[in-house]
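Given the coordinates of chain A, assemble chains B and C onto it according to the supplied hints.
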Amino acid sequence: MEELKGKRGIIALIALIIITIGLLSSLEKLTGRVNPGISEVYNALAYLVAPNNLATWVYDWRGFDTLIETAVIYVGGLVSALVIGRGVVQMKKCKQESPVTSKPLEFRVESLTVILEYLGIPAAILLISYGIMIVTGSSTSGGGGFQCGVIMTSAYLLAAILYGKNNPIKFGKRFIIGIGAIGLGGYALLGLPGYLATGYWQYNIGADVWSLVPSILHTIFGDPFRLSLILKEGVFYSTPGIVPLINIAEAFNVIGAIGLIYFAFLYGWSDEGE
Amino acid sequence: MMLGEITPSLIAFILGIIFGTQLNYKLTKGMIILLISFSIVASLLFGVFTFTYSIYGGYIAPGIGFSMPLITATIGIIIGKLLKR
Amino acid sequence: MIESISNLWSIPLLVIIPMLTAIIVNFLYDKAIKPIAISSAIIILIISIISPYGYHWFCGHPALNPETLTFTFNPNIFGYKLSLEFIFGPLQHIMIFISSLILLFCVILSTIGLTKHQGPYIALLFLLFMSSAIVIMVNDLYHLWIAVEIGSLIVVGIAAASGTSISHKAALKYGLFSAISGAGLAVSLALVLGLTGFSNISDAIMYLKQFGIGEMSTVLYIAFGFFVLSWMYAGGLAPIHPLKSEVYGASYPHGTALLQAQSKLMLVAIGIIMLRLFGMLPFVKEVMIFLSVITMMIGVIMALIQIDFRWIIAYLIISHSGFVTLGIGLGTQEGLIGGIFQAVNDIIYMTILLLCCEALFYFGGKTSTKEAYDIAKKSPFIATATILGAIAASGIPPFNGFQSEIILIQACLKEGLPEIAVLILMVSVTTFIALLRGIYRIFLKPPELQDQDNSNVDLPKVLIIGIIIFIILSIIIGIYPDIVLRFIIPVVKEVLSI
Chain A
326 MEELKGKRGI IALIALIIIT IGLLSSLEKL TGRVNPGISE VYNALAYLVA PNNLATWVYD
386 WRGFDTLIET AVIYVGGLVS ALVIGRGVVQ MKKCKQESPV TSKPLEFRVE SLTVILEYLG
446 IPAAILLISY GIMIVTGSST SGGGGFQCGV IMTSAYLLAA ILYGKNNPIK FGKRFIIGIG
506 AIGLGGYALL GLPGYLATGY WQYNIGADVW SLVPSILHTI FGDPFRLSLI LKEGVFYSTP
566 GIVPLINIAE AFNVIGAIGL IYFAFLYGWS DEGE
Chain B
75 MMLGEITPSL IAFILGIIFG TQLNYKLTKG MIILLISFSI VASLLFGVFT FTYSIYGGYI
135 APGIGFSMPL ITATIGIIIG KLLKR
Chain C
9 MIESISNLWS IPLLVIIPML TAIIVNFLYD KAIKPIAISS AIIILIISII SPYGYHWFCG
69 HPALNPETLT FTFNPNIFGY KLSLEFIFGP LQHIMIFISS LILLFCVILS TIGLTKHQGP
129 YIALLFLLFM SSAIVIMVND LYHLWIAVEI GSLIVVGIAA ASGTSISHKA ALKYGLFSAI
189 SGAGLAVSLA LVLGLTGFSN ISDAIMYLKQ FGIGEMSTVL YIAFGFFVLS WMYAGGLAPI
249 HPLKSEVYGA SYPHGTALLQ AQSKLMLVAI GIIMLRLFGM LPFVKEVMIF LSVITMMIGV
309 IMALIQIDFR WIIAYLIISH SGFVTLGIGL GTQEGLIGGI FQAVNDIIYM TILLLCCEAL
369 FYFGGKTSTK EAYDIAKKSP FIATATILGA IAASGIPPFN GFQSEIILIQ ACLKEGLPEI
429 AVLILMVSVT TFIALLRGIY RIFLKPPELQ DQDNSNVDLP KVLIIGIIIF IILSIIIGIY
489 PDIVLRFIIP VVKEVLSI
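Residue numbers (this note's numbering), protein chains in the order written: chain A, 326 to 599; chain B, 75 to 159; chain C, 9 to 506.
Okay, chain A solo, but in the shape it has when bound (with noise of 0.2 Å):
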């Protein structure tokens, strides 16, 4: 950072001092103040939903914020794997300096141990498997499309560690990106049913909280994940409607732009064969 050296670097430095103490100074003030707002009427209704209210917060009151923001993920693979080579473009007219592309990462694996070469691939198989646990677990314990996606491609990234070019998950490139396209497009078009029966994008039809819907529709998209709530205020038959398929699509868009990252910085990029 040769920028900020010098004066600037004091400048930077006094500015980041300023806001800082204006930060803190605001959050002293906001201390036991903090108005609750629109978050009681949420509480109040989230049972109506699923019996996780973070899920109910996330894939449903603010589900459409959570699809850009996980469209943000997406482009994020993209992006990266573009600065590394994939789809570089430049004018077919007129000639330009070619582009800059990264060589693949050069792997050591001859002195994995025995142990590791053994352990490794179960490992790694079981990772996947409480990834789609967590997956699954979305509406009713913690969990959900996010962390799977994560734990997914940590699952790669360890194979791809231990065995190097061999990687047992092999994740193909058209695999990568058909997942993620799958995932996101899925989450997109999962708004649609709503849109057509009722207007709104994204309405859950299944949860179906203001009864906008023929109760056919109803029981299509809620039933398969109803769950009776025995909590102490009584028995409730709850259904988180869409929220387990969002999360479903969710983990897929976050597996197709992690893994394209991985795939990307680990193998490098070229754009020929599979």
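No lab work stands behind these hints: they were computed from the structure. There may be inaccurate statements among the hints.
Dumping the calculated DSS-like pairs for lysine-lysine here, alpha-carbon to alpha-carbon at most 27 Å [unchecked claim]:
{"hint": "1", "chain 1": "A", "residue 1": "K420", "chain 2": "C", "residue 2": "K181"}
{"hint": "2", "chain 1": "A", "residue 1": "K428", "chain 2": "C", "residue 2": "K453"}
{"hint": "3", "chain 1": "A", "residue 1": "K418", "chain 2": "C", "residue 2": "K177"}
{"hint": "4", "chain 1": "A", "residue 1": "K490", "chain 2": "B", "residue 2": "K100"}
Chains B and C only, in chain A's frame:
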């Protein structure tokens, strides 16, 4: 018993098959037994999902419960791998 | 005017269609991209033209009326919104129409002019349009933040797409620093959310008006500070101008056309939100005016000393962003009208110049003003169009730049700021000088060495059509400014009535 207790295990099975087809490793019989037994132990450690009250959901007795999706996902991965061959 | 619909059909389509197109073309990577991309750009353009006005509450949750404690789906009855609210009104209509027009030409030009494997690049163009459409339509702080964040990530991608070391450098710098923009907005959002409890902007304003802030005004000031930070980064205002102008200079000109449209949209959208949220605090407008004046001056001075036509335009875009923010910063009716009108005009005449710049790539891609190329002889059309674009950018009648600048000058005089009015005039004149210097060297001056090939160059027809359309738009708006002003004036009245 509600459908919501079975569906996660089914989904886990299908996802397992999808990702199992991407494995590029020769699974021996010993490895399959190792994987399944490990997954059963792990599912016992993780316990059941909240609000599942049946043997399908994994709840067997107070304090004992299996996280069924973990087991079905592992089985799915193995089957997916065998399908690919 | 805006109907009482909370489930307007067009709003989700304007966001989802570009997203799905981006996913598909990114997956296809190479084959069959052209028909899909072009047809969906046309569909977006049509939707942006025919869409009625209204609201969309995503996820379909109603608003809670605090007095009666009843839920309603009618957006005209006041209530705290449980869902995420998007608005499609006159402002959104004109802004999204122009960006989708640029998107269409961008997509066609990139499918014609670029080498294969265009999937990711065209995907980024569509996502850039999506992010700017979200920024201009959204009425929610939290979602605004996400849109700004995804927008800056996409800008990085578009800048890096040519794969040259210059573009990588520009992309890296912008990527590092634009993270601050997103983070600043996030902190600001957190503070406003802590104060009011509402992420919907109208609800937050309503709460602040009803209950006041009293001693908590310092918190609001800090929130404003972070908002300004993100405004600066998003629009490339001084002192952040080098980052953004490098991105403009390093991207392909058609990409820059879309980038500058997105950046103007962000400036307008965030500026109006700042005015609505913080307008009642003292000094807020002064800060905004100060930043604008500095940006105007530095941008145009930097443009004067550039030796590459693309970089001259890049710095002029920055400088003219200052006009937009100046109008919004004045906060009066004339000022706001002038600022938003200037944003529209700016997008149009800069697109003319950038498309002409794109044409230079077909003549060998040399844009340095150190040498002379005599392009006017090879293509009198491009030379004429560039000169017309320069005239429009300098605010000379009968082109559109004149109309908005005169409104801005009048607004400054009315506010008792004759100095700034003079400054606007000076910046306009200097713009002309800076552009003419480049135009003379590249288009008019005969080359010193006669070794250049005189082979005929076929410009793509779409490029010529695009340039003609934007010149016509520029002239029409210059003669009948009312066709744009009738979209802007009701919005301004609504903003000021809050």
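A quick look at each hint next to the structure:
Straight-line distance between C-alpha atoms of K420 (chain A) and K181 (chain C) comes to about 25 Å, which keeps the hinted pair within the 27 Å bound. Our distance criterion of 27 Å between C-alpha atoms is broken by K428 (chain A) and K453 (chain C), whose separation comes to about 45 Å. Proposed proximity of K418 (chain A) and K177 (chain C) is supported: the alpha carbons are some 24 Å apart, at most 27 Å. Annotation: proposed proximity of K490 (chain A) to K100 (chain B) holds, straight-line Cα distance about 16 Å (limit 27 Å).
This entry does not satisfy hint 2, going by the numbered hints stated previously; all others are met.
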